[in-house]
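Student: As given, the protein sequences belong to chains A and B, one line each in that order. All residue numbers for the first sequence refer to this note's numbering, where the first residue is 13 and numbers rise by one. All residue numbers for the second sequence refer to this note's numbering, where the first residue is 11 and numbers rise by one.
Treat each hint with caution, since some may be false.
Distance condition first, Cα-Cα at most 30 Å in a straight line; then the derived DSS-like pairs of lysine-lysine [what the hints assert, rightly or not]:
| no. | chain 1 | residue 1 | chain 2 | residue 2 |
| --- | --- | --- | --- | --- |
| 1 | A | K174 | A | K162 |
| 2 | A | K194 | A | K155 |
| 3 | A | K174 | B | K12 |
| 4 | B | K12 | A | K194 |
| 5 | B | K12 | A | K155 |
| 6 | B | K12 | A | K162 |
| 7 | A | K450 | A | K357 |
| 8 | A | K155 | A | K357 |
| 9 | A | K357 | A | K162 |
| 10 | A | K493 | A | K194 |
| 11 | A | K200 | A | K155 |
| 12 | A | K264 | A | K404 |
Far from chain B by the CB rule (all over 12 Å, computed), these chain A residues [as the list claims (entries may be wrong)]:
| no. | residue |
| --- | --- |
| 13 | R21 |
| 14 | A141 |
| 15 | S160 |
| 16 | A277 |
| 17 | A295 |
| 18 | D330 |
| 19 | N407 |
| 20 | P411 |
| 21 | G418 |
| 22 | Q455 |
| 23 | E463 |
| 24 | A475 |
Partial list, computed: chain A residues near chain B (C-beta under 7 Å) [what the hints assert, rightly or not]:
| no. | residue |
| --- | --- |
| 25 | P88 |
| 26 | A89 |
| 27 | S104 |
| 28 | L105 |
| 29 | P107 |
| 30 | S118 |
| 31 | I127 |
| 32 | L151 |
| 33 | V319 |
| 34 | L320 |
| 35 | G322 |
Quick caveat, the hints were computed from the structure, so don't treat them as lab data. For clarity, every value in this text was computed on a predicted model and none was experimentally measured. Note that beta-carbon positions come from the ideal geometry of N, C-alpha and C, so glycine has one too.
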Amino acid sequence: MESGAPLFRMEGISKRYGGVRALENAELSVRAGAIHAVLGENGAGKSTLIKIMAGVVAPDDGRMTLDGKPVEFASPAAANAAGIVSVFQELSLIPELSVADNIIISNPPTRFGMIDRRAQRRLAEEALARAGAEDIHPLALVKDLPLSRKQIVEIAKALARKPRILILDEATSALTAADVSKVFAVLKRLRAEGLALLYISHRMNEIAELADDCTVFRNGSKVASYAAGTRSDTEVIQMMIGREYHSVYPPKPDQPLQAESVLQAQSLSWADRLHDISFSLHAGEIVGLGGLDGQGQRDLLLALFGVLRGLRGRVLVDGRPVRIASPAQARQLGIGMALIPEDRKTEGLMLPMTVRENLSLASLDRLTRAGVIDSAKEDDIIDRVMTLLAIKAGNIDAPVAALSGGNQQKVVIAKWLMRQPRILLLNDPTRGIDVGTKQEIYQLLRRLADEGAAILYYSTDYAELIGCCDRVLVLYDGTVKRELIGADITEHALIASALNIHPAVPTHQEPAQ
Amino acid sequence: MKDWQYRLAEHRGTLTALSIFVVMFIIYTANHPAGFTANVVQTAANKGVLLALVAMAQTMVVITAGIDLSVGMIFLLTNCLASWLVVGSPLETAVGVVIVLAVGALCGAINGAIVIYGRLQPIVATIATGAVYFGIALLLRPFPGGSVNEVLADALTGRIFSVVPASLVVLAAVIALIWVPFSRSVYGRAAYAAGSSETAAYMSGMPIRRGKLLAYALSGLVAGIGGLFLTFFTYTGDAALASGNAYTLFSIAAVVLGGVSLFGGKGSAIGAVFGALAFRTIGDLLFVFDFDPLWQPLFQGLILLAAVSLGALALFRVRNRLESFQ
Chain A
13 MESGAPLFRM EGISKRYGGV RALENAELSV RAGAIHAVLG ENGAGKSTLI KIMAGVVAPD
73 DGRMTLDGKP VEFASPAAAN AAGIVSVFQE LSLIPELSVA DNIIISNPPT RFGMIDRRAQ
133 RRLAEEALAR AGAEDIHPLA LVKDLPLSRK QIVEIAKALA RKPRILILDE ATSALTAADV
193 SKVFAVLKRL RAEGLALLYI SHRMNEIAEL ADDCTVFRNG SKVASYAAGT RSDTEVIQMM
253 IGREYHSVYP PKPDQPLQAE SVLQAQSLSW ADRLHDISFS LHAGEIVGLG GLDGQGQRDL
313 LLALFGVLRG LRGRVLVDGR PVRIASPAQA RQLGIGMALI PEDRKTEGLM LPMTVRENLS
373 LASLDRLTRA GVIDSAKEDD IIDRVMTLLA IKAGNIDAPV AALSGGNQQK VVIAKWLMRQ
433 PRILLLNDPT RGIDVGTKQE IYQLLRRLAD EGAAILYYST DYAELIGCCD RVLVLYDGTV
493 KRELIGADIT EHALIASALN IHPAVPTHQE PAQ
Chain B
11 MKDWQYRLAE HRGTLTALSI FVVMFIIYTA NHPAGFTANV VQTAANKGVL LALVAMAQTM
71 VVITAGIDLS VGMIFLLTNC LASWLVVGSP LETAVGVVIV LAVGALCGAI NGAIVIYGRL
131 QPIVATIATG AVYFGIALLL RPFPGGSVNE VLADALTGRI FSVVPASLVV LAAVIALIWV
191 PFSRSVYGRA AYAAGSSETA AYMSGMPIRR GKLLAYALSG LVAGIGGLFL TFFTYTGDAA
251 LASGNAYTLF SIAAVVLGGV SLFGGKGSAI GAVFGALAFR TIGDLLFVFD FDPLWQPLFQ
311 GLILLAAVSL GALALFRVRN RLESFQ
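The following block holds chain B by itself, in its conformation from the complex:
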């Protein structure tokens, strides 16, 4: 095998998610009354970017063989916080943004510390912390309200040179500035290694704990960026339980669609981003084909089921049946 074949194999999950997304998006725009216009793309981008950020946050935890059921709540909490703090003069706004992001990272770090040092299972730990984060969000915004610096909000949700959606540029920047350095750092590799085989990683003397903690903290940070963006889109803070839960569950679906293994150690946040965009496009597709809204959840579920089934095909090649339980 040549180098490029190995690289292709390494990125197969991401490329599959990319192709699923591209195919769906082409069908979508081809059938959209307005066609492939800057407006259509911008709307789609703004809807997709929120889930893409949350899915990216989920990925960081999933590669350590964990799962974050509080990610939607961190997203809500930072949204509510931003609706108080990201207002006023440019300086006040900047300070507000920093605080919001710091709180996101702190929430993630708390999850990580409980899982790593408290030795609780990620699923339980994050259900509990998720309830706490939601509780705080509710105290911050018992009723939807608040505001945000609209100049900043409009700049980041609008279009650059009236063509490129600004939210996509921000998403690309988050990938370039957070995901890429993390995944290529020693700690990032330790996070992957711990997800793949914690024993082997320990025996090799890797910094497992710090790697995992960093993964959780960055996950919180990225979820916080998502919360901030939610505020930019809606101009309000809203502690909506249903929305938080939906984001958590959809982020897991997006991660799987993006080729990230729920068993840990494998996959890329970039794949999860395309997974999220594809997941959003499923909903849009049903819309352009004029499906009765009543049928939408059902079809969305069926399409999702078909997409994730692709990943299970490998099980048919297992020769020792005991291995299919691992």
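This is chain A alone, in the form it adopts within the complex:
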């Protein structure tokens, strides 16, 4: 892999976001005519590295060279001009425009100042053909395409810019198996044409098939670079793990209790996102949802909470089948469900409204008498949850936006605890809050479980799943791939099952999903 000078090099790259270190003295070198895989856990710094390469984010420190000459990119457009083009994980397509419009968007052919539609059509068709997607009609609107086709259009759009270095960040995460093999054929052809490809994926089997070189990142730094095929999957996973974590978690009950099941899901399927999910949730236990981000965990929580239309399968509460058609029904007495949403700023809180108003929003039906809010009752119950969660708010009549992130998150949780839910669904509730608050939330969850609540807990942080959960359901591609119980919940097992591989066996066995 040392043949020839590298086409592109990054050295000593550091980047901080506020106080959080995203990259520390990171390095990477990419050669032409090869596919370079970058591996690492969620939060290892891969995305930041790519954003720096693509000109989206400026590094605090470090240097980059292209063809041996130092370069700096002030914007994505500057990186594009230098021949570095990125296919982002978040789609950058414009939904209301056609496929052809999107592919040619940054540099459309013009005649007399107007976009030359015929030339545009031709260029778009060429780009689609290069991406192996002749079947996508150039006049189709992007919003009407399924996700996997959008992803292909995104690749075609990148190819239309004639890149020298093409970055694919989780570019296959939304693709169907048939599309993946097409994309692989395209990538191999591009490699033969002499492009440098940087490939980020969590799917080990894809990396085994494609990559020439591999680099593993952990905690914002490079751990190792090696030629593909020289390390076993087990070794690779070992390199990706290695983060120390302190015991911030409350002790778990020794024996799994044999309580009756409160919530049961039977063969839940929805659109093309959830496939045949069944599980049961018992009073007093915390069940984790694991797996890579975006494998259907959020959809599952929304499905249970009555947000999704056209859900197939059955949901049973206390053994009785129920139809939950809205969050308003989900929170009703016989069901008693609560969902702590993922994004507190948009789905959890009304930021300009006061702490008091936010807290009582979800339980107004219980605090009112003849339609008028009983403020004595409200104060009483607010006092109780404020003490229970130790919410630090100077004044409960101040806007909730004035609180710190951790306290805001506590308000979101408290707002639902005011209803004393029996089934608590949490969607990554500790994202972006400080360690102290996290610890308080872990203890609170355990206490709620001890008091008899059934908790379904999705977290993108494996350490939390290990520390908090009695059982973990690992989702992959919208279905439960594995259930880990008690002592089986290890980082190793979580990562391996999230990647849908079996690390005991050195080579991959599952076909691409």
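Using the hints, position chain B against chain A.
Tutor: Same frame as chain A, now just chain B:
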């Protein structure tokens, strides 16, 4: 799917508005005492063209996911200005027309600059600027009055070859010379893209700001053409608050009838033009059926409600309920 099916889908909103208009207009002329004559068409055209121009101006802002509540006031301001300037010799008249149109474009550009660079919400920004524009119009014409070059006015509001209403020809020319080049230019596409997904447009390196600014400026220009025409029809300038407000609100109704999405990124000014003509025909219909004028606003509202409801049908197909809030 074939090419033509995609094209059909792309223009569905416009074609729907066209069909609504055609059906209404046929019913109208069939029941009109005089029938389908050049006179009837000319009167209808002259009434419809004003709202059509204002609706076109509104569309340009709406596709950027904005809304222009000052459009009726730009229309009034340019009307009052024209009643001072578009008079005298052919040269003086021409200079007057240029100034009036330039002022229209300037008003639009000011709206755009406030929204884009001042980062104010379009609805608030244009309420404020609309009040300013109306204030200036009122200073120009505290009382209705003034005059206009009547030769030009009669030529542009009369008939060509005594058949085709001249105002329709002007409307078609405005579409051909302003809307079509804009919508097919890089800036026009940037305006659409910004309305559809500003983040994605930014990540794709599009000239969002210039695209939006151009959209606002052209919107002002087209509203100015509308103001000029108002002067040609009435021979006077009149800063009538009620009329300005009505045009603003009707233009929004026309835009929706024309299949333009208020969320931005979708629709065509041509659709809005048919939307405006259809909206005007609703009023005329009630007239030929001899409705008590007292009932007209009520029925006009009901018909409008039914027409715009057609656009909301798609919501029944949403599968993730959170998406229906977006």
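Student: Are the hints correct? Go through all of them and say.
Tutor: Cross-check of the supplied hints:
Proximity of K174 (chain A) to K162 (chain A) is assessed by CA-CA distance (about 19 Å); at most 30 Å being required, the pair is judged to hold. For the suggested pair K194 (chain A) and K155 (chain A), the alpha carbons sit about 22 Å apart, so the restraint of at most 30 Å is met. A C-alpha spacing of about 29 Å is found between K174 (chain A) and K12 (chain B), which places the hinted pair at or below 30 Å, so the restraint holds. For the hint linking K12 (chain B) to K194 (chain A), the alpha-carbon distance of about 24 Å falls within 30 Å, and the restraint holds.
Under the criterion of a C-alpha separation no larger than 30 Å, the hint pairing K12 (chain B) with K155 (chain A) is consistent with the structure, at around 18 Å. Among the hinted pairs, K12 (chain B) with K162 (chain A) is consistent with the structure: their alpha-carbon atoms are about 19 Å apart, no more than 30 Å. Between K450 (chain A) and K357 (chain A), the direct Cα distance comes to roughly 18 Å. Compliance with the 30 Å bound is thereby established for this hinted pair. With a CA separation close to 26 Å, the supplied pair K155 (chain A) and K357 (chain A) stays within the 30 Å bound.
Pair hint K357 (chain A) plus K162 (chain A) holds up; C-alpha atoms about 28 Å apart against a cutoff of 30 Å. Proximity of K493 (chain A) to K194 (chain A) is assessed by CA-CA distance (about 25 Å); at most 30 Å being required, the pair is judged to hold. For the given pair, K200 (chain A) sits about 29 Å from K155 (chain A) by alpha-carbon distance, which is consistent with the 30 Å threshold. Distance restraint check for K264 (chain A) and K404 (chain A): the Cα-Cα separation of roughly 28 Å lies within the 30 Å cut-off, and the hinted pair is therefore satisfied.
For R21 (chain A), the condition that its CB be more than 12 Å from all CB atoms of chain B holds, with the nearest at approximately 25 Å. The claim that A141 (chain A) lies off the interface holds: its Cβ sits roughly 17 Å from the closest Cβ of chain B, which is beyond the 12 Å cut-off. Annotated as non-interface, S160 (chain A) keeps its C-beta farther than 12 Å from every C-beta of chain B; the closest such distance is 17 Å. The Cβ of A277 (chain A) lies farther than 12 Å from every Cβ of chain B, with a closest approach of about 18 Å, so its non-interface assignment holds.
No beta-carbon of chain B comes within 12 Å of the beta-carbon of A295 (chain A); the shortest separation is about 28 Å. A cut-off of 12 Å between C-beta atoms confirms that D330 (chain A) is not in contact with chain B; the least separation is 25 Å. In this structure N407 (chain A) is separated from chain B by more than 12 Å, as the shortest Cβ-Cβ distance comes to about 29 Å. Consistency note on P411 (chain A): stated as away from chain B, and its beta-carbon is indeed over 12 Å from all of that chain's, at 19 Å minimum.
For G418 (chain A), the requirement that its beta carbon stay farther than 12 Å from each beta carbon of chain B is met, with the minimum near 25 Å. Every C-beta of chain B lies more than 12 Å from that of Q455 (chain A), the closest at about 31 Å, which supports listing it as non-interface. For E463 (chain A), the condition that its CB be more than 12 Å from all CB atoms of chain B holds, with the nearest at approximately 31 Å. With a least CB separation of 29 Å from chain B, A475 (chain A) remains clear of the 12 Å interface cut-off, as annotated.
For P88 (chain A), the suggested interface contact is upheld, since its CB lies about 6 Å from the closest CB of chain B, less than 7 Å. At a threshold of 7 Å, the smallest CB-CB gap from A89 (chain A) to chain B is about 4 Å, leaving the interface hint in force. Hint status for S104 (chain A) relative to chain B: holds, with the closest Cβ pair at about 4 Å, below 7 Å. Annotation: interface hint on L105 (chain A) holds; nearest CB of chain B at approximately 6 Å, less than 7 Å.
With 7 Å as the threshold, the beta carbon of P107 (chain A) comes within range of chain B, its nearest partner Cβ sitting at about 6 Å, so the hint holds. Using the Cβ-Cβ criterion of 7 Å, the hint placing S118 (chain A) at the interface with chain B is satisfied: the shortest such distance is roughly 5 Å. Below 7 Å, beta-carbon pairs count as interface contacts, and I127 (chain A) has one with chain B at about 5 Å; its hint therefore holds. At a threshold of 7 Å, the smallest CB-CB gap from L151 (chain A) to chain B is about 4 Å, leaving the interface hint in force.
The interface hint given for V319 (chain A) is met, as the beta carbon of that residue sits about 5 Å from the closest beta carbon of chain B, less than 7 Å. For L320 (chain A), the interface hint holds, since its Cβ comes within 7 Å of a Cβ in chain B; the closest pair sits about 5 Å apart. Annotation: interface hint on G322 (chain A) holds; nearest CB of chain B at approximately 5 Å, less than 7 Å.
Of the numbered hints given earlier, the model fails none.
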